[in-house]
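Quick mapping for you: the protein sequence lines, in order, are chains A and B. Residues 1 to 180 (UniProt numbering) are what the first sequence spells out, left to right. Residues 1 to 970 (UniProt numbering) are what the second sequence spells out, left to right.
Don't read these hints as lab results, they were simulated from the structure. Remember, predicted model here, so these are calculated numbers, not experimental data. Where hints are given, some of them may not hold.
Said to hold, decoys possible - Taking beta-carbon pairs under 7 Å as the criterion, some of the chain B residues facing chain A (in silico):
| id | residue |
| --- | --- |
| 1 | Val376 |
| 2 | Pro380 |
| 3 | Lys444 |
| 4 | Val447 |
| 5 | His451 |
Said to hold, decoys possible - Cβ-to-Cβ under 7 Å is the rule here; a few derived chain B residues that face chain A:
| id | residue |
| --- | --- |
| 6 | Leu383 |
| 7 | Ala384 |
| 8 | Cys461 |
Just so it is clear, CB atoms sit at the ideal spot from N, CA and C, and this is done for glycine as well.
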Amino acid sequence: MKILSEDRTRLLFEKLTKYIGVNVKLLIDRPDGTYCFREKKDRVYYISERLLQLAHTVKPDHLISAGTCFGKFTKTNKFRLHITALTYIAPYAPYKLWVKPSSEQQFLYGHHVIKSGLGRITENTPKNQGVVILTMSDIPIGFGVTSRSTTDCRHADPLATIAFHQADIGEYIRSEDTLV
Amino acid sequence: MGRKAKFDETKKVKKGPGRKAKKQPDPVFKKELLADDKEDKKLSHRQKQRAARRLKKKKELTEKRKALKEAKKKPEKDTEEAVSALDDETPQGFTDDNKEWLKPKKKGLGKLKEIEAHSDESDDEGLGEDENDASSKDDDDSEQEFKDTKKSSKENYKVGTLDDLFNDTDDEQDETLDNEETGDSNKSYNSDSSDDSDNSKDDEDEDMLPIEKANVKLKQKQKLDKKLADEEMQLNIAKQDVFAFPSEEELQNPTSLQDVHQRVKDIVSVLNDFNRLKEEGRSRCEYTELLLKDLCLYYSYNEFLMEVLMQIFPVQELIEFLEASEVSRPITIRTNSLKTRRRDLAQALINRGVNLDPVGKWSKVGLVVYSSTVPVGATPEYLAGHYILQGASSFLPVMALAPQENERILDMCAAPGGKASHIAAIMKNTGSLFANDANKERTKAIVGNFHRLGVVNAIICNYDGRQFPDVIKGFDRVLLDAPCTGTGVIAKDPSVKTTKDQKDIQRCFNLQRQLLLAAIDCCNAKSSTGGYIVYSTCSILPEENEWVVNYALKRRNVKLVPTGLDFGTEGFQKYRHHRFHPSLKLTRRFYPHTHNMDGFFVAKLKKFSNVIPEPFKDEDDEEAGQENENSESKEAEQNGDDPEDQKKTLQTGVKRTAKPNTSQPKEKKQKTDDSTQPTTNGNAESKNNQKTKKQKNKRKNKKGQKNEGQGNQTKQEDKTIEETKQTIKQNTQQDPKTIGKAKIEKSNEEKVQTKSVVVDKANENTQPNGGISSGSPKKKNKKKNKNKNKTNVQDQINKNANKITDNIEISAAKKLKNNNKKQKQIGQLNNKKDKPTVETTKQNTQQDIETKGKAKIEITNKEKVQTKPVGVDKVNGNINKPNILPSNESSGMSPKKNNKKKNKNKNNTNTNIQNPINKNENKITDKLEIAAAKKLKNNNKKQKQIGKLNSKKGGKEGIKKNLNKTKAKG
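Just chain B, with the same shape it has in the complex:
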């Protein structure tokens, strides 16, 4: 309490106006108390005289001493000692040598007396008793004498006793004491009244005054100290230079927080100059990871939040932020301009013993409370509503909102009413103010504060902010201080450090987005004075700030305008992978470490049209959805509190499932590349396929690879052909029945290879068809089915068709038409899958096949059927599924059916099994080529049937029958 002395000259205390607010002048100190400024004083006339006399005396004294010494040189040391003992009796200082054998108690006594003498400003006590008369004379001017260090040569000398010598030395002692005060130690530099005691340095010191000797010693000591300090410094520097990356054990057994803190400092210094300071073989990643862990440990954050913070701030700033978040901000109060003025309030509070200052030039109502003898939240002024306790950062959104008189304003999340009452105060209780809060309990705080502060133009209501547009619209200005994770106010609520994770942030920003859209909807763009929305949070995470504003910019007819706050840092335009609208630089961020207020974000939007644009999906939305999905899809039930959230995840889920389709072939390609190495066999392949599929299931966020994927399809076919070779080889080994035919196939292999080149080209031609068929799965995917395998199947069906077409191309150009027709049919079948009628048509076609199949499926079918089980066997070896059933399912694949079955495993097997089927078809086509051009027609028909079979539910049975037939024939 009370006034502070102006110790620091840089701080200038402003002169305040008013009776009581007028600052007291700075306290005046007696000059003696101020240790410095002794040199440059002008000496008074008498002082000068005295100084001159002193000098004269000194000269005399030295002469005397010399004489004495010469006289004493002959006697031995014992006499010297006697002299020093004499010194001892008169309590004066001692030389170093004396100190060794002198008793400390006496020494202490002597010292004490000296100090007394010094502080009492009467040197009498320290002097011999016989000088009292002399000193009494000097009492008058003793004060003046003590102002300078040379004070104490006095009229004492006039007495002319033997004690003169000692008097003098005593005076000198005072000087040395002064020196010592400024120096480091005052123990060893007591002046030696007996110069003789200094035996060793006798010769040099002969003509030196004691004080000079002391000075020499002091200098030596200082030199030594400095040297030591330098060495120590060097050691430190050396230590710092080689920051050793801690070993595993060190990491696991942290010794103390100090060590961790030191390590944090070290890492920061290393990271700041990484190229020079890094340890060989260590990457920046390792350092940052270590830093992350250490920071988590030292500041007790959870890793997630620390990671996020590390993404926002550079390392040095991060440390500052964390440090600043540990310290609470100064208490600030806002003057209620409805009831009083800041000047009056400050005066009243100063009278109550509160130490305060204006908060800054930017606010006319804020006061910072440094200290207080009374509780600031319970003074009569507080209760009378003259002020409210409010963080400095909470002024900002209202200042940005800039309410005008007679406007209609909404504060959407008002509790406890600090900002809302600020708005009312700026409006001077005119117009109307809606203060809304979703929490009914907290609305009581609004009621209390409003009545206390004398706000009479307010309506306090309790709605969910998202519903507010249904209640009333057409506000001139809307303030949305959205609920947030509170990462800017960690000092206020340290639980944020450990409790927040990705999910909390998602919940927050989803709510914030909805609230912001609602706030924008409540605002009236045609308002003559307003049409402004201010969005603010006490969080510093871009997810809750820039991203939310960016979201609103896309969905409503609003634009960002300058906030009108001339300080604060600009909002982010890009953050990690996000690229926000460039106008987001108009928003303002406030940090605890740079602005000494809570972390805060303020954005001011101007609504330029009341029309709500058509809702559309964009990347922003997707990303949100994806992130939602990443963590929430598993916890959808947990997160079910927000129905819209779920909806979002579902929608995005729909989108997402379509994408991996396209990216899938690429993956497959990579995997199959591996599998085509000579050592691999069919089993390995199928394993690989499985793996790839599993990976695909996991990978959900790949996008924009449609084109690539289609391009890859052709490449993939090369591989399927190669696969066929391998399976054929295996077939020959394992299935004795097919040996004969396999040989033929082997001979065909080369042909197939040569053809495959053409196949690529052909596929390019036939892609439109593929496009049609691949387009259909997207529709089906909407059936909440995450199985993408059905689309794989369809892709493969397309491929089959492609292969078929290729073969036919080679055989005859004429037959291309037929081929296209088939493809169309296949495509149509695929397209039809949604329709209920498809099943009936399929049944019809199935019957056709059964009837026609007998006639037309001849030799080729045999082979097909014979080879098929082998391939399937291999696959099943991995999957533990019944042999024929899945194969039939896949051959008679109807995606719809699969969709209904939400069994992923089955689908996996299906797709795996498809490969052999493809191979079979290849074989079939090859054989057909070999057989005759005539049979091509048949072949086409068969292929048609195959296509139909593929699209059929009941294909299973058809193939079974075929099997039976072929066996019987065989």
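Excised from the complex, chain A in its bound form:
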């Protein structure tokens, strides 16, 4: 558990901002204590300081996870957001996209969201914006990046991709071993 380097912190926040915009600061300034980002084996964990103190008692070799894993830095030093971060991203995300029940399963198997499966989308969503994807019953099921703005969506082909798949909760089953 080490503190993130300046460089990596910047990368992390850039990525987070893509999804939750200015709400990033809500992750840092919390009323219920200080929370911080820590790095372990290139994985970034979001953990409260109180818990962090306790986590230090565990030897690094024996520590599997502490707090919430947000994602990892790839070998090319880019930050990739994991589905495990959804707990924190979903409530803060300004741009959302709802999928129809019929295409829920498709998305959960790792497919992109196509126009025909699009149930609803936040107005004024720009192109290439990180969005949280929800079912029609408001259950967050993953996140992705829009390939079209809201206005373009209206005129899109039924089979055209609206949002690119990035992570979905199906990974909890599909790739439990490589989750973190």
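Fit chain B to the supplied structure of chain A, relying on the hints for placement.
Below, chain B without anything else, positioned relative to chain A:
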């Protein structure tokens, strides 16, 4: 899927709240479909009118019929037949007699039509074609008419055709059909439209309506059926009463599983009322053994596990348990209260086509899934972490733990994180939760589940639970769901049935004990809110549950507190030979057959002090050790994976070896009792001795017989004296050299016998000395030597000393002091054996003997030496050992030396050989008495020397020399 009709009135479907959760009303069925409730309906006005008319018509009809009959009585049967043939054309039912010659096809057709008519609720088809007009009129109210059975007398009659008669009978047929539906057979009771066809019963049936006839027949048939059924029942009962114990062949060639099952049932019934139902000459044991085998066969358990289960449950309950273990429990899910509420979840899942219900009043988060059209483990709700698949029994330990917010809690064996996430949910993600598991692979499942369920206050780590106190302590609450044999979840994993044996259970409970102690150590007794430890397993074996808790109660400052679970059965306070702490009734057991959840055990402990009491040994520990030893001592290497286990076995091994010493004389006594019978000789005796010793080696668990054993020593001496007599006799026979002296000895025999009484008393006096010397072997035993024979030797040395003292008592009171001194010396020698210096002193004494021996060992020594080889010979005859060597070894017995030699055989021979030596000594003392009081001094000296010799390594050589001397002198 979908709603179930409320067929069963006892089950009341609760009205659920919410938009979608609101229960649909029960489906309404058309009244016609409900077969019952036809009698008590109120008739409408028109129906009443119709009924009245019908009655009137009937009367008319009967009159008509009578008239007809009278008219027809004269013509012969053929006309009757013609009439019945006419019946045949109009497809209606037939009488029994008709049935015989009627073609089945037509009959079937007719029937079919009737049924059609019945089900279509329009009787037109069944009736003559000419009635269509009439029936069309009735169409309006035909529905109503069909509600009751008396429906079908209609306006048809108004037409007043000849067919009236047939119409009527047809209607009646419907009635009879109704009857038949409720009755058993509907083939033979078709109404006979032609009453005439019933020739035989014509007279009686004359004034009977067809339906009445049918009724009579039906009743007769029912009577017959009932009679038959009763007879059959009687037969069955008779069969049941005499459950014959199967013969050997039957047992060896089981015919089918059904038979075995039947036999199991029979045996259970026999065992339930054993006194009445048992077969003469059969014991309960035989029945239970047979039951055990049959159960093993039928449910495919291994015998060990079945035996254990039979010890836990009474027979009837055992069967229930086994049956329940075959069936898997319903799937239960736990709502993740961090993300959703149970009501919302239930609603969402119902929308997905899942049929579920709350698990019970005791849980606010559990749901039982009865059936589902979608995989419950892969719905979007599941993936979003709204619930987790978890057995109902897994809620219990967490409920017992009762976590509070802002506490620090440890789950020691957390994978796959079900219970730990439950704890986090109850804490509402506050405080901190350590989820530990020893298996790194399985910690991944914890990570997955925690992130899915949104648990953010957790630290997941991978330690061996036993090491956890070294990592971090001071938890408010600790949950230990220990790894176990899984005998409570046989339905989930049937491999348990065949794979588990004593060793597995031992491994489990040893690990569980260590884990529980570690868990207790991790807990902080001074916590303001907590200080609780919950121990749970999914096993039902008391070895893994109550015994483990009992162990912890003795070793840590903890006490049992109520679990807070208001159901479940109380834990055992006693199980077989175990007697647990009475507070163990506060623990809870859950069984598949009584609680419809997996077999489970929950105990809640409160830690009241952080001080760890001094480790001590107690019976509990010993028993564990003994059991360990019984099976594991042979397999110590196999079991070597757990070093502490081994240590334990070693320690207990040390303890154990000391015990048989004390119990040994008793055994010997019994054996020697046999040997003292006149027919036995020395050889037999020595054989017996050998046997006893072997048995002693085998017997390891005897304990607490120290006192008895010491008491028996004295008795034993009587026998040694007697033995001496016998050996003396033999000596006289076999050894010509000793004949002369043996005669003297014979004369002495009587004296010895008389003295032996005194010897007993004397031994009581001298016991303290014996105590000292017998105390020393215990120390020596710690040298990992399982040979107990050396202690035998020492006992005998003590006895020798005792005898000597007795003799001296008799001779003079004054010499007792010397005697005591000798004994002390002997005791000292014995005590010294551990010390390295002893060897040197021994050497010195040996030299003394060599020098003094020449002068002082005179006549007596001769005898001694002469007689000795004979006794040894006999012994050696059994043992195939060189004559003198072992005898010398034994006479010069140094236990230490023997200890070093781990040769059991040798030790056996040594101890066997000791007896003759004792005898020799007796003889020596006897002779001394005879010789003179003056020689007593010498004698004492010699005895001293003997004592020294016994304690010496090099005694061998000394005796050899003595031998040579005496021979030369002789």
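Going through the hints against the structure:
no., hint, result
1, Val376, "violated (13 Å)"
2, Pro380, "holds (6 Å)"
3, Lys444, "holds (6 Å)"
4, Val447, "holds (5 Å)"
5, His451, "holds (4 Å)"
6, Leu383, "holds (4 Å)"
7, Ala384, "holds (5 Å)"
8, Cys461, "holds (5 Å)"
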